[in-house]
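Next come the chains, spelled out residue by residue.
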Amino acid sequence: MIRFLLKGIARDKNRSLIPIIIITIGVALTVLLSGFIYGMMGDMVDQNARFETGHVKIMTRAYARDKDQLPNDLALLGVDTLVRSLHKEFPDMQWAERIRFGGLLDVPDAEGNTRAQGPASGMAVDLLSKNSEEIERLNMKSSLVSGAIPKKSGEALIGDDFAKKLNLKIGDTFTFIGSTMNGSMAFQNFKISGTIRFGSAALDKGSIIVDISDAQLMLDMPNGAGEVLGYFKDGVYDDEKAQKVTEQFNAQYAKNTDEFAPVMQRLKEQNNLAGYLDYVDSFTALFVGIFVFAMSIVLWNTGLLGGLRRYQEFGIRLALGEEKGHIYRSLIYEAIIIGIVGSIAGTLLGLGGCYYLQTHGINIGQYMSNSTMLMPSVIRAKITPYLFYVGFIPGLFAMVFGNMLSGIGIYKRETATLFKELEV
Amino acid sequence: MKKILYLFLLPAFLNAQNTPDGADILRKVDKNMISKTSISTSQMVVHGRRGSRTITSKSYQKGEVNSFSEYLSPAREKGTKMLKLDDRLWIYSPSTDRTIQLSGHMLRQSVMGSDLSYEDMMEDRKLEEVYNAKVVGEDTIGGRKTWVLELSAKVDDATYEKRKEWIDKERYIPLKEELFAKSGELLKRVLLSDVEKIDGRWYPKKMNYKDMLKDGEGTDFIVDEITFDTDIPDYIFNKASLKQ
Chain A
1 MIRFLLKGIA RDKNRSLIPI IIITIGVALT VLLSGFIYGM MGDMVDQNAR FETGHVKIMT
61 RAYARDKDQL PNDLALLGVD TLVRSLHKEF PDMQWAERIR FGGLLDVPDA EGNTRAQGPA
121 SGMAVDLLSK NSEEIERLNM KSSLVSGAIP KKSGEALIGD DFAKKLNLKI GDTFTFIGST
181 MNGSMAFQNF KISGTIRFGS AALDKGSIIV DISDAQLMLD MPNGAGEVLG YFKDGVYDDE
241 KAQKVTEQFN AQYAKNTDEF APVMQRLKEQ NNLAGYLDYV DSFTALFVGI FVFAMSIVLW
301 NTGLLGGLRR YQEFGIRLAL GEEKGHIYRS LIYEAIIIGI VGSIAGTLLG LGGCYYLQTH
361 GINIGQYMSN STMLMPSVIR AKITPYLFYV GFIPGLFAMV FGNMLSGIGI YKRETATLFK
421 ELEV
Chain B
1 MKKILYLFLL PAFLNAQNTP DGADILRKVD KNMISKTSIS TSQMVVHGRR GSRTITSKSY
61 QKGEVNSFSE YLSPAREKGT KMLKLDDRLW IYSPSTDRTI QLSGHMLRQS VMGSDLSYED
121 MMEDRKLEEV YNAKVVGEDT IGGRKTWVLE LSAKVDDATY EKRKEWIDKE RYIPLKEELF
181 AKSGELLKRV LLSDVEKIDG RWYPKKMNYK DMLKDGEGTD FIVDEITFDT DIPDYIFNKA
241 SLKQ
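Protein sequence lines correspond, in order, to chains A and B.
Under the UniProt record's numbering, the first residue of the first sequence carries the number 1, and numbering increases by one thereafter.
Under the UniProt record's numbering, the first residue of the second sequence carries the number 1, and numbering increases by one thereafter.
Covered stretches of chain B, as calculated for chain A (at least 3 residues, CB under 8 Å): (1) 70 to 80; (2) 85 to 95; (3) 101 to 113.
30 Å max Cα-Cα, derived DSBU-like pairs, lysine-lysine: (4) B:K210 / A:K67; (5) B:K243 / A:K152; (6) B:K78 / A:K191; (7) B:K239 / A:K191; (8) B:K78 / A:K152.
If you're looking for bench data, these hints aren't it; they were derived computationally from the structure.
Heads up, the beta-carbon is just placed ideally off N, CA and C, and yes, glycines get one too.
Kindly produce the complete structure, drawing on both the sequences and the hints.
Following this line, the structure appears as structure tokens:
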């Protein structure tokens, strides 16, 4: 029977070509857009995790309340003890101390007077320890535009565009002016060891990166850190695991009423990421739903046209004694075969498009120059196992559903009037 | 009938006679608070959320526009110097050996984490020159009778658009100040106490500044020693003195 149907589909191009093209286009678009959205969100979550949120983040309760203002006066103190206990309690995780700070970067001229100034956004990470994973985690080596990563205290990396704007070169010295943990003015000279570009407007705009020990000294934060970030050793964020770790950690401080007691938040709780991720899930579901609905209508229409074209064929088959149900089922089987062929073709085409966008990406840097959102400037698609069926199922379903609707007409034919209709 | 009318109007007339003009009050306040020169040693006690810390400094002031301060303690702040000439402010950091001119939004930053901004530190002009004053009532602060004045800026570059001042009726010094933004929002409240007569003028030796937009108990500014109208050599008010 299937062989018979296949022969029919292959020989009668009018029966199969248009539905296959429609399904191929629809499935390819679904796969491509899903891959693109997931790639974009995946990059965004990954970049947030590496630079800002960690897979989990520990702050003081007071800091957590105003964390967008980077309130280092409310930072964690006694961090070495905290990190030691974290290593003991959660051996499957890596922990990184970070300080984020803002201020003014002042460039002196030969006489020591101000030659140029610009607002700076600083990040202090462990750059100088032998076992530091931060250089790799932040992709510093591949993000370096010129120079080298700081090798000793007093050296700093500066955003490449920022350096160009202030006419700074490798080896030049600048003074950072900011506020200490106590609110006093903080002054510190740094020598530029390299320039860097992460490819995110929010990170690259006015950025400087220094070693955490330099920042602790500069900001009067001995053994302090604004945030302690935790990462799963496999580098992949797992929300369920993160929730367990967070609950276990926070339970220890549940009865502590001190506003400077530590509190842990998982990635999804920060930077509105939960909202974004839920939004993407609903957006993708909506997109697939609309696709199925629209395709079903188009294919229903195609089926109706096909039904009209095959009006005579169905009449003859009924007149020869074939049951209506059998004709209807054969129509559905045909639809399944056409749906499978179209969905396979569409999935392959969509995956091809995704592969291209995964390799080359789309540069949105020029539109993100004033954005404060942590997003990569080149957004790329990502091929995941999900893409192999995301378009396939709706493609097949739409074809079958469309034919089920159009095939209903078969049951409305009356055998008694067939000969009259067929003018035999 | 006329006699009865006079009888009713007389107390109001007498009251108006007893209420001095706002500008007169400001003139007398300026006479106490502003001097030709002054040299002072003071401490600033900053009450933060994690505890208090004290910063001591020595300051020189000449006229209404020039001042020079050197921080003496704690060790981290020691040697930091500030120079104000007219409307320009420089800060010298010994750790970087840099002199930086502060301008724009930097002037609105807190001085050493206190409730005072650099703009507050720079505001040395006579009240009479910057504000129009109107007496709006009377009050008692710490057992002292005061005039309540409402001040509105008559110049464009006033740090605060409006102020409310409680002026001691006898000594003509402010005992309380409320400083407002253009929008009418209360930005700072200053309580002045420990009033002593120094070199023939009344002077409050303790001031509590409270930034109303911040949590905490504010900052106490305590004058340990102050001398007025002493000769101060001109080289003090020079950029070169910052690095000395």
